[in-house]
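Chain by chain, the residues run as shown.
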Amino acid sequence: MRLTLLRKALRDDRRAILGWTVGVAAFLLVYLPFYSEFAEDTAGAEEMLEVIPEGMRTAMGMQELFTGAGFLESMVFNLYGPLLLVVYAVVLGNRAIAVPEESGRLDQLLALPISRQRYVHERLAALTIEVVYLTAVLCAIVLAFAVGLDMGVALGNIVAISVGVGLLALLFGTLTVAVGGLSGSRGLGLTVTGAVAVGTYLVHVLSDAGAELVEPLRWASPFHYYLDADPLRDGIPLGSYAVLLGVIIILAVAATVTFERRDIGV
Amino acid sequence: MSTVIETEHLTKHYGARRGISQISLSVHSGEVFGFLGPNGAGKTTTIRLLLDLLRPSSGHLRVLGRDPRSAGAAVRQRVGYLPGDYQPGRQERGSELLRYLAEARGGVTRRRIEELTERFELDPSQRLGAMSRGNRQKLGIVQAFMHDPELLILDEPTTGLDPLMQQNFLSLVREVRACGQTVFLSSHLLAEVRQIADRIGIVRAGHVVAVDEVAALRERAVRRVEVHFDAPVPPEHFANLDGVRDVRVEGTLVRCVLDGRPDALIKAAAEFTVVEFVSFEPDLEEIFLAYYTDEGNDPVPEPTD
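Residue numbers (the working numbering), protein chains in the order written: chain Y, 1 to 266; chain F, 1 to 305.
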């Protein structure tokens, strides 16, 4: 297996990957240094949080800011980290099928002697590598700050929650590929994935906030499997992550099957 | 003589008005087959079915003896394809795209790519987005021919090429035919197809209305002709000539329509002094009309898109 398409995908995406690397690094380099100020001025950190209404605090994933774990959750892992990585994965996931199909470029790629199944698989492999890469960048920077600012969080647990972010991003990225595989529409890929991501995030935070109406739906949100087992304090939740991985595999199969069966570029 | 492309009652319906109906064609090994029809007639639909980009609603098709659906990759290994309205991308350089396509196909030599790019005076180091339409088309031709496939499927290959490059392309097609490769090309220009094709299939509104050898098609083509003389000619001299109809004589000018050979007209005209002889290229619509009339169908074509 020469994996020429996989290598082409990574090559084509290199500018985007570089841009996102700079963006994620800049975000972390700007916000993580604030930890030392919060840790020194515990009362000030509390006061700052209390200014924000509780509902909004929950919605933004803000918790205590003066402990290492609380600070990392509030700043990185509850909202902004997943947000950045999910958007990155969705943008790149849309480039697998929908973007080249809408531009008319896909005809030439599918006229090559590779099957559609192989096409999807190599594109999904490329997406996985891209998500793993940016997750690793995020994880490495957080680890460096955790050590440097003495946050008192087990480094293994930072890796554990980063794995969760990566799985979450890959899940939404794969969903985008699946919508592209089914429809070939880049707009639909963004709309569907965006709606699902925002919707399931709201289900998660609203049930956290005790909304009884959405509480029964809690299990249907990917964010539940990412955060509720508290990987930053308890390490990798095997069962929850297995659910995320299972959904990714189902979506990958769906992308392959739907793409295999339909007309291209109509 | 083996059959390289075979379709039987191939039908594809999609969208509101697009599609083809009951197309049955055979393309033989080593021939150049011209697929001629106006825009929107179903040429691209047929071609995209051959490449397994579309799936038929009904009917059968075989490419190189195999089903494009079940044997897709193995068939496409032996096919070169130039999509209609070729859109290679924007960001990449032409050379990067060619390198990828060559790698994905295997068995393409750098020498062959250079030979083709030089032949078409194409600079592949340009970014695709910066290339002119003509240059993108040249790139498309290069990638279709570079692996010397058994079968070339070319959708409107000369679009955007200047006349010199069109001739360049036609001579390339002649060369590959001499090497035993088969070429299936679509066009809406009769003048182009008759220069190069051995046989022509005429498609109109999703149906194949005629398949014939080029020579036969030319004989059947109706052509308007004007003959100018140096002095007025007697109208009765041009009445009832074989293969000539709708004759109008206006002083020194004879206007008529030729059905097939111009022989009788030329012999009749030769008795006077001919100043000018103008033969108008038959247009597609007139050829369709000729076929419709022959088949006893409605001679008035519906307006096309």
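Mixed in with the good hints, there may be bad ones.
[What the hints assert, rightly or not] A few chain Y residues facing chain F, derived, Cβ under 7 Å:
(1) Thr4
(2) Arg57
(3) Ala59
(4) Gln108
(5) Ile114
(6) Gln117
(7) Glu260
(8) Asp263
(9) Val266
[Unchecked claim] Sample of chain F residues lacking proximity to chain Y, with all beta carbon distances greater than 12 Å (derived):
(10) Gly89
(11) Arg119
(12) Gly243
(13) Arg248
[To be verified] Across the chosen pairs, the derived CB separations fall in these ranges:
(14) Y:Gly187 - F:Arg17: 22 to 32 Å
(15) F:Ala270 - Y:Val266: 39 to 49 Å
(16) F:Gly15 - Y:Glu50: 53 to 63 Å
(17) Y:Ala16 - F:Asp162: 35 to 45 Å
By construction, these hints were calculated from the structure, which means they are not laboratory data.
Virtual Cβ for every residue (Gly too), placed ideally from N, Cα, C.
Hints, verified against the model:
Hint status for Thr4 (chain Y) relative to chain F: holds, with the closest Cβ pair at about 5 Å, below 7 Å. Contact between Arg57 (chain Y) and chain F, as hinted, is not supported at the beta carbon level, the nearest pair being about 43 Å apart and thus beyond 7 Å. Because the beta carbon of Ala59 (chain Y) sits about 38 Å from the nearest beta carbon in chain F, more than 7 Å, this interface hint is broken. A cut of 7 Å between beta carbons decides the hint on Gln108 (chain Y): the least distance to chain F is about 6 Å, and the hint holds.
For Ile114 (chain Y), the suggested interface contact is upheld, since its CB lies about 6 Å from the closest CB of chain F, less than 7 Å. This hint is violated: Gln117 (chain Y) has a C-beta 10 Å from the nearest C-beta of chain F, more than the 7 Å allowed. At its closest, the beta carbon of Glu260 (chain Y) sits 10 Å from a beta carbon of chain F; the interface hint therefore is violated under the 7 Å criterion. Among the interface hints, the one on Asp263 (chain Y) holds; its C-beta lies about 5 Å from the nearest C-beta in chain F, closer than the 7 Å criterion.
The criterion of a C-beta within 7 Å of any C-beta in chain F is met by Val266 (chain Y), whose closest approach is roughly 5 Å, and the hint holds. Residue-level check failed: Gly89 (chain F) sits 5 Å from the nearest beta carbon of chain Y, not beyond 12 Å. Taking the minimum C-beta to C-beta distance to chain Y, about 21 Å, the non-interface status of Arg119 (chain F) holds against the 12 Å cut. Annotated as non-interface, Gly243 (chain F) keeps its C-beta farther than 12 Å from every C-beta of chain Y; the closest such distance is 45 Å.
At roughly 49 Å from the closest C-beta of chain Y, the C-beta of Arg248 (chain F) stays outside 12 Å, upholding its exclusion from the interface. The hinted window of 22 to 32 Å between Gly187 (chain Y) and Arg17 (chain F) holds, with their beta carbons roughly 23 Å apart. The hinted window of 39 to 49 Å between Ala270 (chain F) and Val266 (chain Y) is violated, with their beta carbons roughly 57 Å apart. Against the hinted window of 53 to 63 Å, the Cβ-Cβ separation of Gly15 (chain F) and Glu50 (chain Y) comes to about 60 Å, which satisfies the hint.
At roughly 36 Å, the beta carbons of Ala16 (chain Y) and Asp162 (chain F) sit within the given window of 35 to 45 Å.
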